[in-house]
Every structure is written in structure tokens, then in C-alpha cells.
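Chain residues, written in single-letter form:
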Amino acid sequence: MDVTSPVREVLVTGNKTYHDVSHDICRHVEAKPNPKWMGAMAISLGALFVGGYALAITLWDGIGMWGLNKTVGWAWDITNFVWWVGIGHAGTLISAVLLLFRQKWRTSINRAAEAMTIFAVICALLFPLIHTGRPWLSFYWFVPIPNTWGSLWVNFHSPLLWDFFAISTYFTVSLVFWYIGLIPDFATIRDRATNKISKAIYGALSFGWDGAAKTWQRYETVSLVLAGLATPLVLSVHTIVSFDFATSVIPGWHTTIFPPYFVAGAIFSGFAMVLTLMLVTRKVYKLEDYITINHIELMNIIIMITGSIVGVAYITELFMAWYSGVQYEQYAFLNRATGPYWWAYWSMMTCNVISPQLFWFKKIRTNLYATFALSIVVNIGMWFERFVIIVTSLHRDYLPSSWAMFSPTIYDMGIYLFSFGLFFTLFFSFAKFFPVINMAEVKSVLKTSSGEIVNKK
Amino acid sequence: MMESGKKFIVGIFDDESILLSAVKKIRGNDVKIDECYTPYPVHGLDEELGYKRSRISIAAFIFGLIGTSLAFLMMIYMMGIDWPMIIGGKDHIAIPSFIPVAFEVTVLLAALGMVATFFIISNLKPYGKPKTYDIRSTDDKHVMAIDLAKNSKNTQELSTLLMESGASEVNEKNF
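Top line first, the protein sequences correspond to chains A and B.
Using this note's numbering, the letters of the first sequence correspond one by one to residues 1 to 457.
Using this note's numbering, the letters of the second sequence correspond one by one to residues 1 to 175.
These are calculated hints, taken from the structure and not from any lab test.
This structure is a prediction, so every number in the text was calculated from the model and none was measured.
Check the hints yourself; a few may be wrong.
Footprint (simulated), chain B over chain A, 3 or more residues, beta carbon under 8 Å [as the list claims (entries may be wrong)]: (1) 164-175; (2) 227-235; (3) 286-296.
The beta carbon of each residue, even a glycine, is placed where N, CA and C say it ideally should be.
The task is simple: from the sequences and hints, build the whole structure.
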């Protein structure tokens, strides 16, 4: 029997030549910053400075400036930390897992997604560091050196320490992976550069890359092995983050479902953030031929699937709380849904479980406005998920006399704003000075999947 | 360009498929190709040029093994030998709780070690000097460099062979 698989939709539209690819991407690096970009940068720098004030006060006066109390010892700090780490999952997933599965559509989105990952992880690292109160001492608490230079070491039995190792490894490996991919593109910019300064800067950044066949062969092996290493790594990071909660004895945290549930949630929120940023970048930089509706639809499908996994996890948690017969566990979940924080719980349910189901409709998942709106809704939902897990589990513990409520102070909010300022300052700098699309990889799939070639057949 | 260096005959190709067939033809004529330079990885080019499979993945594996061993040795020494403490009633040397850190250190060392190896053997470093035979080789042209001294054919014969193999232009360059 003769079977012909249907021709896939082209990855790059608009009959691009190789030179067009170089030109379309490099021109944004070469052009002078435009007013729109400067405006956006000014807003993020503003957020950075306003938030920086809250951060400075917190460092000066201590974390007593936050809304924490004796009962709720973790709130916005760890919520923001887990939220940012979760967002930082999509980039490496796109570049590593999709590389191993030979998903060629990753080529035009991996660069920006990886950049977003790295910046999100930087924002995430900020929070555990600040919540120690005296970050300048945290070197002694996390790094395996004799504590206070005696012989007391860090505690390797503690999930908090595993977390430090997981996130710093993840950050380093993602950064290296991202940079390896950038080297050939920096070489392209270097060879196109007309002024001395950019020639010198991109010359240094490109490490003397010349595109020799032998180097490309090694480059491909290195990418594949890095992808193989990064795949279990990306799954391990949020698994270990979930251990921070799951290995404790707090009702609502002490559940074995946490690792897979956190990983699915991380991919879910990460792809949503990729879409939020991509839709804007694509529009502003006129990259519609590279990031097509097809790409957006595929990402929406991933959001729909991971969103459904998250939904199943929420319901499983409820079932297990009832089925366990443990009254503390049952109360923790009853309190989440009907207690004083019911609004957070139902915001989470609506945003994470119901809204991604809209992507079953092809009309919605191929609509740019709907995608943009839903990508933001998803990340609001994922923030509430972490808030619900952390605050509602803590605020009513075993002893009713110590039950308390949490409300954030202006400093909690200010540091969250600071992390946004930091994230967008980094992202806008990236979008201006770095090639936002991996030119070399797009060129390598151009021949088999561009409109030009397919049309010729 | 200085005249003292080695002389290269440089063929410029517009398309990867022309390059691949040209490499085959030129090597078939007993001509030694110094190196090809392409704007993106061309699949099958390494085989056509007769390059062996890169052994860099073996380096990664060895670095990974070193990472695993170092991580376990470190944790066993710190938690079990140098300053044993009872934490949560666990054994001093509790292998299950050492696994997450051992995994992370394995991945970290494998990745960093492999990338460092790649940079060193490929001579990639900040301010490294690229061998630019033609500036368009990082944009849209494929470049083939033939070292004149290493071949018995003369400039004229090599140029003709390159043109016959599909090169769009042939230049000379000294390095």
C-alpha cells in the first residue's frame, strides 16, 4: 500500500532566501533604537527603580517590612520564586526536548524562548536570596564550604539545598546552551558590521567563529548532547522545587503528586509567557514570516495539554485529600475552596483549568488576540496557584489559636514589581542587541520547509 | 593581503546541494580540500569530506562520570565522615537524599566540560581570529578552500575543476 503523509505547513513563509534571513534578523540589531523601544525600556527601567526602592528598604530594615507573620512565614517571596522558575521552563523545553524529538518548528522560537528562560531564572533566584534576610551571608548557607569556616557543612539532606543546586545548574547549563547557539549568529552580525565598535563587540562575542565544516560537525554533536542533558535537567528543576513542599509535613504540601504536577504547571506557564512575548516581538519586528500562525497554534496546543494535566492534578489532589481519611488534609483542601482565600482558589481554577480548554477551538487557538489575552490569563492563574499552595496551606495550621491571615505590604508588591522591571529590562536589551531568531538554524530548515521550495515541487 | 602566507584557491557555492556534489567530485579527482565554510550546518558534508564522527560525546560522558563521583565523594565525606550529624533520623550517609545533588553535579560537569572541550579543540575564544576566506560565508554562500601547496595541480587546473563542479566564482586568498 502506498501511503503519503500530508505535506506539512511550511515553517518559513514569504519565499525567503538565505540572505533575506540574515537581513530580516540583523537589521534590528544594526538599526538605531527606535522611540517605541526606548519608551518600553524607560517603563521597565522605571519599574526597576521604583521596585528597587522597596528592595533597598527591605535589605536595610529587614524582611519585617513584608506582610509575613508567625504563621505565614512564606508568602509572596516564595510564590514569586516558584512562579518565575516555572516560567523559566519553556525555553529549555523548546530547545532541548523539541530538538530531541526533531520538531523543526522550534528553530524560529528557541532563541527568544531561551533568553526568556534565563531572565526568568535570574528573577527567580532573586527571591530565595532576598528572603534569607541577609543575602550577603547566603554564601555560607548554600555553598558547600565549612560553615562559618569551622567544620559544619551545608545540609545535603535538605530539599532547600537540592533546590539551590538544581536551579544554579539549570541556569548555568541553559546559559551555555543559549550562548553556543548564539556564536554562529554573532559571527554573521560581525561580518555584516560596518562600524568599528560593533565589529569589535560582535567579533569578541563570536569567539572567532568561521563556520568550518569540522566545527559545525562538533557544534551539532555538542547541541545534541546538551539537549540530552538538559531534558532530564528541565524536568528535575521543578521536581526539586516541588520537593521543598512535598517533603514537609504540612497538610496540602505533603503529597506525592507534586513533582509531575509542578512540571506540567511550569511548562504551561512558560509557554504562556513565551506567547505573550513572542506575539509582541513578532508584531514590532515584523517577523510574521518566521513566527507563523502555525507556530502559535502548536504552542497553544501545548498549553492546552499541560493545562489539562494541571486540571487533572487539582482534581486528583481533592480526591486524595478525601480518600486519605486524614482530617487535616481534608480540612486543608476544604479551606482552600471555601475558606477566607476562596477567591484565590477559584481564580486559579478558572484561569488554569477552564480557560485553556478554549484552545480546543481552532478559531481561538489561531486567533492572535485571543492567544495574547489567554496567555496572560494563564500566568495570572499560575501565580494564584502558587499563592494558594503556599499561603492557604500555612495560614491555618494545627493550632487554631495561631491561625492568621496574610496581606502583602507595599514592599512585597514593590519587590515583585522590581522583578518585572529586571525581567523586561533584560528582555528588551536582548531584543535590541541580540539576534532574536536563530538565523543559522532557520537557514538549515529553509530548504526543506520554506514556501519557495515547497512551491517548486 | 600579504604574499608570504599559504596560498588557497577558494570556490564559492550558492547552494548546499551543489557544494555536496562538488566535494564528491573534487575529492574524486584526488584533490585535497582544506576545509569548507558554511553559514549553517550542512547535513552530510562531514561524511563527504571524510571526517570521522566527533568523539566529543565521549568527553561529555567522562566529565559526567567525574561529576557523579565527585558529588558522592563530597557528600559522603561532609555528611558521613568529617562532621556527622543526625538530621531527621536519617543515616549519616543516606544515599537516596544525595541523589538529587549528584544528578545536578553530573549534568553540570558534563555540560561545562564538553563545552570547554569544544571551545579548546575548535579554537574558539573571545577575540579569536576567524579564517574568513569570504565574508559571505556567514551569510548565504558556501565556501571551499583548497591549499595549493598540498596539491599537485596548479591554480589554473584547480579553478577549472571548481568551476566545472558548480562553483559560482573562484578566488585566490593568502593566509
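> Holds or violated: the region 164-175 of chain A covered by chain B, criterion of 3 or more residues with Cβ-Cβ distance under 8 Å?
Replying inline: Holds, because 5 residues of the region 164-175 of chain A bring their Cβ atoms closer than 8 Å to Cβ atoms of chain B.
>> Taking 8 Å as the Cβ threshold, is the statement that the region 227-235 of chain A is covered by chain B upheld or broken by the three-residue rule?
In response: holds (count 4)
>> Verify this for me: three or more residues of the region 286-296 of chain A with a beta carbon less than 8 Å from a beta carbon of chain B.
In response: Coverage by chain B is violated here, the residue count being 0 at a Cβ distance below 8 Å.
Consistency with the previously given hints fails for number 3 only.
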